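Let the sequences and hints guide you as you build the complete structure.
Top to bottom, those sequences are chains A and B. Per our numbering, numbering through the first sequence is continuous, rising by one, with the last residue being 48. Per our numbering, numbering through the second sequence is continuous, rising by one, with the last residue being 372.
In short, the hints are calculated from the structure, not lab data. Note that the coordinates shown come from a computational prediction; the quantities given were computed from them, not determined experimentally. Incorrect hints may have been included.
Unchecked claim - Straight-line distance between alpha carbons at most 30 Å, and here's what the computed BS3-like set of lysine-lysine pairs gives:
| # | chain 1 | residue 1 | chain 2 | residue 2 |
| --- | --- | --- | --- | --- |
| 1 | B | Lys365 | A | Lys7 |
| 2 | A | Lys35 | B | Lys127 |
| 3 | B | Lys196 | B | Lys158 |
| 4 | B | Lys96 | B | Lys334 |
Said to hold, decoys possible - Okay, the calculated beta carbon distance ranges per label pair:
| # | chain 1 | residue 1 | chain 2 | residue 2 | range |
| --- | --- | --- | --- | --- | --- |
| 5 | A | Gly16 | B | Glu263 | 46 to 56 Å |
| 6 | A | Thr8 | B | Ile112 | 39 to 49 Å |
| 7 | A | Gly48 | B | Gly110 | 22 to 32 Å |
| 8 | B | Ala208 | A | Gly22 | 38 to 48 Å |
To be verified - Only part of the chain B face toward chain A is listed, based on derived beta-carbon distances under 7 Å:
| # | residue |
| --- | --- |
| 9 | Cys135 |
| 10 | Leu142 |
| 11 | Ser144 |
| 12 | Ser149 |
| 13 | Ala152 |
| 14 | Tyr314 |
Backbone N, C-alpha and C define an ideal beta-carbon position, used for all residues, glycine too.
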Amino acid sequence: MVKGKTLTYGVLLGSICLIGAGIYRNEVNIVLKKAVNLCLECIGIG
Amino acid sequence: MDKRILTQIIATIAMNGNIKGFFEGSIFKGNSKKLCVPGLNCYSCPGALGSCPIGSLQAVIGSIKYNFSFYIIGFMSLMGILFGRLICGWICPFGFIQDLLYKIPLPKIKVNKKANNYLKYLKYVILLVFVILLPMFLVNDVGMSDPYFCKYICPAGTLEGGIPLVLMNESLRDTIGFLFAWKITLLIITIIFSILIYRPFCRYICPLGAFYSLFNPISFYQFKVDKNQCTMCNSCSKKCKMNIEVYKNPNSMECIRCGDCAQICPTKAITKNFSTKNL
Chain A
3 MVKGKTLTYG VLLGSICLIG AGIYRNEVNI VLKKAVNLCL ECIGIG
Chain B
94 MDKRILTQII ATIAMNGNIK GFFEGSIFKG NSKKLCVPGL NCYSCPGALG SCPIGSLQAV
154 IGSIKYNFSF YIIGFMSLMG ILFGRLICGW ICPFGFIQDL LYKIPLPKIK VNKKANNYLK
214 YLKYVILLVF VILLPMFLVN DVGMSDPYFC KYICPAGTLE GGIPLVLMNE SLRDTIGFLF
274 AWKITLLIIT IIFSILIYRP FCRYICPLGA FYSLFNPISF YQFKVDKNQC TMCNSCSKKC
334 KMNIEVYKNP NSMECIRCGD CAQICPTKAI TKNFSTKNL
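Encoded structure:
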């Protein structure tokens, strides 16, 4: 039971750290750039 | 109205609030697209206000600069650890569309247990191969790659983005070719199967559902079966449209947390809660 809780809180903390690392690496701008331009592949044209 | 349907409607509208995009045949270009939405919702849908996590993951992995995305994996893990596949059952717009299609009164097919047990692993293969490995390794001369899942498999992009944009935008209409025909074919197959089988895309294809499923057994949101109250009458398993033996495995990776089992249980032995008490 303690093991399960530790894993859950560990993943919670880890995921927040990953988001922070991604923001620090400026990945957000790549996400934005892709999302504000029409993704032709996604809609079946490109 | 059913609480789950109401939530699905609100979530779908909230994720696709750029209504004028549907009339203008264009997509939203605001800063909110820096953020991902928790469900599968194409960012090239004219209404989309946020980014699709699966599309974004491929975009970052397939970019020149990076071959892994801490931001998107972190976001998906956060959603997974908090909610698990509750997102599939209650929030995801493409899941909602499948729910609506299944309501069409035509004969239904129940996938046999053996086939289901094999097919359910297909979504993990798709996640690994089309969303992660191909964008990582199958790159062009400058080190960029296509979003392979979006391009060759995802019917959500065709339905939410492709069809409305092609209908409203004449210049796009002139450029459609084999790929569009291929994706329309996949969309039609998905629609037909969704009428006959409950949520076939979520069960066998969706890489986002595959990712979230890994968290179902350890997420904060949990189902619990009170063994003292459970009479093993099997009502929950019979009611479950995802073919889960709920009383044996209430936090199955396949469970989309619709809650039908808890509703049907005659002794109210199944409870849903948001805590780590049962972990």
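Sort out which numbered hints this structure fails and list those numbers smallest first.
Hints 3, 10 and 14 are the ones this structure does not satisfy, whereas the remaining hints hold.
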